[in-house]
Amino acid sequence: MKKGRMSGVVMLAFCLVFGSTAKADSFTAGDVFLTGNVTGTTATLTIKCLDSGCSGWYLGDATLKGFTFTGSPTLGTAPAGYTVLNGGQNNSAVGSGGGCNSTQPGQATCWDVQNTPLSFQLVTGATYTFTANIASGSYTPGSLHVQATAYNNTSGSQQGGGKVFAISDNLLVMQTPEPSSLGLLVTGLIGLAFVSLRRLRFNS
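Sequential numbering from 32 applies to the sequence shown in this note's numbering.
In short, the hints are calculated from the structure, not lab data.
Just to be clear, a hint being listed does not mean it is correct.
[To be verified] What follows is a set of in silico ranges between Cβ atoms, one per label pair, in the way DEER data are often shown:
hint, residue 1, residue 2, range
1, Gly191, Ser169, 40 to 50 Å
2, Thr158, Thr70, 32 to 42 Å
3, Gly112, Thr155, 15 to 25 Å
4, Ser169, Gly192, 32 to 42 Å
5, Thr70, Gln190, 37 to 47 Å
6, Asn183, Gly128, 17 to 27 Å
7, Val204, Ser167, 20 to 30 Å
8, Thr99, Gln190, 32 to 42 Å
9, Val154, Thr99, 30 to 40 Å
10, Pro172, Leu81, 19 to 29 Å
11, Thr171, Gly87, 28 to 38 Å
For each residue, glycine too, the CB sits at the ideal point set by N, CA and C.
Kindly generate the complete structure, drawing on both the sequences and the hints.
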């Protein structure tokens with residue numbers, strides 16, 4: 032019986048160790064969690080407000096860079112009022128002419144808020160997804176960089192401390208289980224449970 036139990040444990044360990052993982056780049060800046068990913072056809076940036084500290088902030092422009100692509104990106108998904116531009120941004124307030132400025136074309140996508148007054152506000156626990164359709168996208172996990180600003184006013188002004196959030200930092204590699212990994216994990220857990228159940232019946 033000990034041999035059977037050990038087999039179940041070995042199976043579980045095998046699943047945990049050899050299950051494949053996908054890599055996404057992520058970063059937590061205060062109350063905001065950001066992730067980035069690039070495929071051959073899509074650049075994706077997600078922004079999540081983690082708690083009440085960022086709830087109600089008006090989001091300005093947001094940029095993902097540190098990868099390469101060809102041609103001009105087109106908008107995939109974004110909150111209402113955004114478009115996507117080829118290139119990066121500066122972190123000056125959008126109400127002062129800052130934001131997307133077309134630097135580093137072919138190496139960054141900038142989701143540009145089209146008009147002020149700003150209208151898009153972060154909500155606690157909500158994840159917002161920005162995507163751009165690209166061609167020949169390529170990056171090395173760990174190379175992505177994010178820039179974004181947010182404000183406590185609709186004019187996108189930084190006067191009087193109005194710019195409450197300004198991030199320009201590298202995203203870090205985060206391991207996330209793929210479906211195949213989860214399947215192997217479930218298989219291992221079922222095997223361990225089966226062996227344990229047999230042991231209970233044997234001892235009763």
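How the hints compare with the structure:
| no. | hint | result |
| --- | --- | --- |
| 1 | Gly191 to Ser169: 40 to 50 Å | holds (43 Å) |
| 2 | Thr158 to Thr70: 32 to 42 Å | violated (19 Å) |
| 3 | Gly112 to Thr155: 15 to 25 Å | holds (21 Å) |
| 4 | Ser169 to Gly192: 32 to 42 Å | holds (40 Å) |
| 5 | Thr70 to Gln190: 37 to 47 Å | holds (40 Å) |
| 6 | Asn183 to Gly128: 17 to 27 Å | holds (19 Å) |
| 7 | Val204 to Ser167: 20 to 30 Å | holds (22 Å) |
| 8 | Thr99 to Gln190: 32 to 42 Å | holds (37 Å) |
| 9 | Val154 to Thr99: 30 to 40 Å | holds (34 Å) |
| 10 | Pro172 to Leu81: 19 to 29 Å | holds (23 Å) |
| 11 | Thr171 to Gly87: 28 to 38 Å | holds (36 Å) |
Going through the hint list in order, the structure does not satisfy hint 2, though it satisfies all others.
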